[in-house]
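*Asks:* The listed protein sequences correspond, in order, to chains V and E. Residue numbering for the first sequence follows this note's numbering, beginning at 10 and increasing consecutively. Residue numbering for the second sequence follows this note's numbering, beginning at 10 and increasing consecutively.
Incorrect hints may have been included.
Because identical chains cannot be distinguished in the list, a pair is counted as satisfied if it fits within a single copy or across any two copies.
Distance condition first, Cα-Cα at most 30 Å in a straight line; then the derived DSSO-like pairs of lysine-lysine [as the list claims (entries may be wrong)]:
1. K282 / K250
2. K337 / K35
3. K101 / K57
4. K204 / K393
5. K269 / K229
6. K263 / K35
7. K35 / K304
8. K264 / K35
9. K401 / K269
10. K52 / K337
11. K337 / K101
12. K204 / K304
13. K253 / K304
No wet-lab data here; the hints were simulated from the structure.
Each chain, letter by letter, is given below.
Protein chains: 2
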Amino acid sequence: MATYKPINPKTDTLTLGLFGFGTVGKGLYDVLHSTPTLQSAIKKICIKNADKKRSIPAEHFTTDANALLYDDSIHVIVELIDDAQAAFAIVKTAMQQGKAVVSANKKMIAEHFEELLALQQEYQTPFLYEAACCASMPIVRNLEEYYDNDLLQSFRGIINGSTNFILTKIFEEQLEFNEALLLAQQLGFAESDPKLDIGGFDAANKLSILLAHSFGVIAKTDDFLFNGIENISLQDATVAKEKKYSIKLVANAKKLSNGKLASFVLPQFVTPKDDLYHVQNEFNAVTTESAFADKHFFKGKGAGAFPTASAVLSDISALRYNYRYEYKKIHHQTDTTISNDFYLNVFISVDDISKINKADFEWIEEWHNGFKYSWLSGVIHADKLFNSNWWKQPGVSLILNPDAVIETIEYKKISKRSLELAGVV
Amino acid sequence: MATYKPINPKTDTLTLGLFGFGTVGKGLYDVLHSTPTLQSAIKKICIKNADKKRSIPAEHFTTDANALLYDDSIHVIVELIDDAQAAFAIVKTAMQQGKAVVSANKKMIAEHFEELLALQQEYQTPFLYEAACCASMPIVRNLEEYYDNDLLQSFRGIINGSTNFILTKIFEEQLEFNEALLLAQQLGFAESDPKLDIGGFDAANKLSILLAHSFGVIAKTDDFLFNGIENISLQDATVAKEKKYSIKLVANAKKLSNGKLASFVLPQFVTPKDDLYHVQNEFNAVTTESAFADKHFFKGKGAGAFPTASAVLSDISALRYNYRYEYKKIHHQTDTTISNDFYLNVFISVDDISKINKADFEWIEEWHNGFKYSWLSGVIHADKLFNSNWWKQPGVSLILNPDAVIETIEYKKISKRSLELAGVV
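Bound-form chain V, shown alone (with noise of 0.2 Å):
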C-alpha cells in the first residue's frame, strides 16, 4: 500500500499505466502523441491477449496487470477495458497503490458507485470518469462544478450514442433495427457487447452516474425504470413521423414537487421545438433546467475513438493539476431519493392487442387498430411500469408521448368507465 503524492504540475512528465487497447485505449495512444504539451507518457500498455496483431511495437505491452499497478514510476492507472469485474479489480488495487485513475468504464462504475466512493475517501486518490458519460462532452464536470449551488431542476439527455445512431437511421434512411445496428457496429459506435446499448443498460448506467454528480443521488439501475429501443420499429418511425416527431432515447432526472426525483431511461417521442430533436447520429446531448441559469443545452459527439480519448486526455490534463470530484452533491443533498410515484403519458404499439395490460392505464387517450400493428397513447402510473414487463415483450414498443411526467392527474378526461363501456377497455 503506497500513499498518493499529489502531482507537481511542473513535474517533467506524468507517467501512465495503461489499460486495453481496443479502441479508445488506440485513440488515447494516438491523442497523447498529437499533444506534446500535455507532458505525459504510456510507460506500458496491459493487454490480455498477447497474441494479437498491434499497430506498435510489442515492447509497449504486458500481460501482467502488477507489472503496472506495483510500478512506482508510474503515477496514473488509465482503465480502458470491457470486463467491469477484472476493470474494479484494477482500479481498486490502483487506488490502494495511491495512483491516480482515469476510466471510461461506465458499467464498472454504475455498479461499484459506493465502493469507489469510499476507496477514494479512504486512499485520498483523484478518480476521474468523464469519458463514461457522453465522451468527449465534460458533462459529468459541468454537473460537479458549474450547477453546485443553482438549484438543478431536471436534465434530459441523448446519452448513448450508438441507439441515437441507429434511430438516426431507421429514421433518415428507412432502415430495419437489424439493419441499422449492423451498421453502428461497423462504424465502432457500438458496445462489443450490443446488448447493452440496445438494451438501455449503457444509458442506465450513465444516468446512475450522472444523478450522483447533478441531484447527489447514489442509485443503481435496478432503482428507477428503463428501457432500450430493440422493440422499435419502422412502422414507430412511419407512426412518429405522421405527428412530425422524432424518437429519442431519452434519460431524465426531474425534481417533482414533492422533493422526489423522477428518474428514468425510455424511448421518446421528441419535438422539433425540442433541442435534442436536432441531435444527429452518434451525437450525444443534454439539456439543464435550474432556478437561474434556465435552460442549458450541450452538444458532443458521444461515441468514437476519438472523441472518447480526447475526454480521457482532459482527465490527465485535469491530474497535473490535482483536480478531483469533490461530491458536493452528495454531501449536501443527502436527501434527495428517487420515486415513482408519478404519471407517464406514453404511446404503444403493439403486434398483437392482447400484449396490452390494458388495466394498468388511467386512461387511454387515443387508439388505432391496424391488422399487424395497433397503437395506443394513454396515461399509466410509473410504479405499475416499474413493476411490470408486458411492455418489454417482443412485439412491444413503449415511447413515451412530449412532455410525458404528469404529476398529478383529475380524472376529467376520459374516464375508464366510459372506456369500458365503449368497448375499448
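Start from chain V and add chain E according to the hints.
*Replies:* Same frame as chain V, now just chain E:
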C-alpha cells in the same frame, strides 16, 4: 496593501462587498438569498446614487467605495457596475488589497486585459469573470479547462443576447429594427447604452476575452474586424427567408492553415443545418471544433438578471475552493496571432448602389438590382473590409454568407475583367 489569503472551504462564511445594484446586482442579491448552502453573505453594497429608491433597506448601502475596498473582513469584491473605467479602478484596488474579485464587466476586462493579467500575477489574487461572456453559460471555464490540450480549431458563436433577441423579433414578428430594439430594452436585455450591443462592441469585447481563453491570444477589439446589426433591415430578413436562412450576429475564431487566427464578429446568414440557426431570442450559443473531441455545441441564456447572476454565483462558489484561471493557453501558445489574410464571401444590400466600393471585390457572384433595395453576393479580402468603412455607412448592410471564410481563391470563377466587360463593376 494586503496579501491574498487563500480561502478555507471550511470557513463559515465568505464575506462579499458588492459594487452596483442594477439588474444583475439585484439578481445576485436575490439568488444569494435562495442558496444558503453557498455560505456567502453580502456585507455592504456600494452604489453611486444614494437617493435612488431601493428594494432593500438603506443600511445595506454606502456610496463610499473605500468602505468596501479597505475592509479586511471582506474577502471578495463583486463588481457589477456599468462604467468600465470606474470598474477598473475598483478591481485594481481590490486586487492590490489582496481581495479576490468577481466581475461581469466585459468592456473593462477586454480593454484592460494585460493589466489585469499582471495584477493577478503580482498580487496572486483570483479574478473570475464567467458572467462577462454569455451570462449563464460556463463558456470561459470550459474553454480554459476542457480544451486545454485538445487542439481547438475554431469556435463560432452568438455571444450577444440583445442583438439575437432583436434579430429574432425582426424575423418572427416582422418588426422593424427600431421596434425590436425598443422591445429588447423594455425586457432588460439591452446594455444601458444600446450602441454597445447593436454596434457589435459588446460581442467584440466578449470575443476579445474568449480569444485569450480559447487560443491564448491577447487582442483588443481594434485588432479584429467587427460590426453590429444596426443596418440590418426587414428587407434583408425577407431575402434571408427566401434563401431559407436566418441572420445571426456571429463571433468567429478559426485557425487558418498557416497557423494564424481568423477572428471577427459580423452578421451572418445561417442555414437550418447550422446549430446556431435554432438559437432564438436572448439565448447565446457557442460551437467549438477540435481535433479529437470534434464538434461541441453549448446553448444558454445570454442575458437577463438571473442567468447573469447565476454565473457570478458560480464564480463566488469556485472561489471557495480557490479556483483561478491559469491562462494555460497564453502561457503555452504564445505564437498564435490574428491575421486578416483570408477572404470572406459576403452579401451586401444597399439603398443606393453608389455606396458599394465594387473595386474592393475579388469577384461578384450574384447581383440583384431594385428600386430602393439592391444586393450582391461576392468575395472580398478581409483586410479590405478591415481597412475601409464604406460597408458600415447607413443604408449598407453586410452579412456573411454561410461558410464565409475562404483561405485561398482561384480565379476560375467569373473574373473581374468579365464583370467589367458585362458592365457590372
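*Asks:* Each hint should be assessed against the structure and marked as holding or not.
*Replies:* Hints, one by one, checked against the model:
1. Taking the closest pair of Cα atoms, K282 and K250 come within 30 Å of each other both inside a single copy (14 Å) and across two copies (19 Å).
2. In the homo-oligomer, the alpha carbons of K337 and K35 lie at most 30 Å apart only across protomers (27 Å), although the nearest pairing inside one protomer, at 34 Å, exceeds that limit.
3. Within a single copy, K101 and K57 get their C-alpha atoms as close as 18 Å, which meets the 30 Å cut-off; across copies the closest is 58 Å, which misses it.
4. In this assembly of identical chains, K204 and K393 lie within 30 Å of each other by CA distance solely inside one copy; the values are 24 Å within and 58 Å between copies.
5. Proximity of K269 and K229 under a CA criterion of 30 Å is satisfied intra-copy only: 16 Å inside one chain copy versus 49 Å between copies.
6. Taking the shortest alpha-carbon separations for K263 and K35, only the inter-copy value of 28 Å comes in at or below 30 Å, while the best intra-copy value is 37 Å.
7. Only between protomers do K35 and K304 lie at most 30 Å apart by alpha-carbon distance; the minimum there is 21 Å, versus 36 Å within a single protomer.
8. When the C-alpha separation of K264 and K35 is checked against a cutoff of 30 Å, the pair qualifies only between copies, where the shortest distance is 27 Å, while the shortest distance within a copy is 40 Å.
9. Taking the shortest alpha-carbon separations for K401 and K269, only the intra-copy value of 26 Å comes in at or below 30 Å, while the best inter-copy value is 55 Å.
10. For the homomeric pair K52 and K337, the shortest alpha-carbon distance between copies (26 Å) is at most 30 Å, but the shortest distance inside one copy (34 Å) is not.
11. For the homomeric pair K337 and K101, the shortest alpha-carbon distance inside one copy (22 Å) is at most 30 Å, but the shortest distance between copies (32 Å) is not.
12. For the homomeric pair K204 and K304, the shortest alpha-carbon distance between copies (28 Å) is at most 30 Å, but the shortest distance inside one copy (33 Å) is not.
13. Proximity of K253 to K304 under the C-alpha cut-off of 30 Å is found in both arrangements, the shortest distances being 24 Å within a copy and 27 Å between copies.
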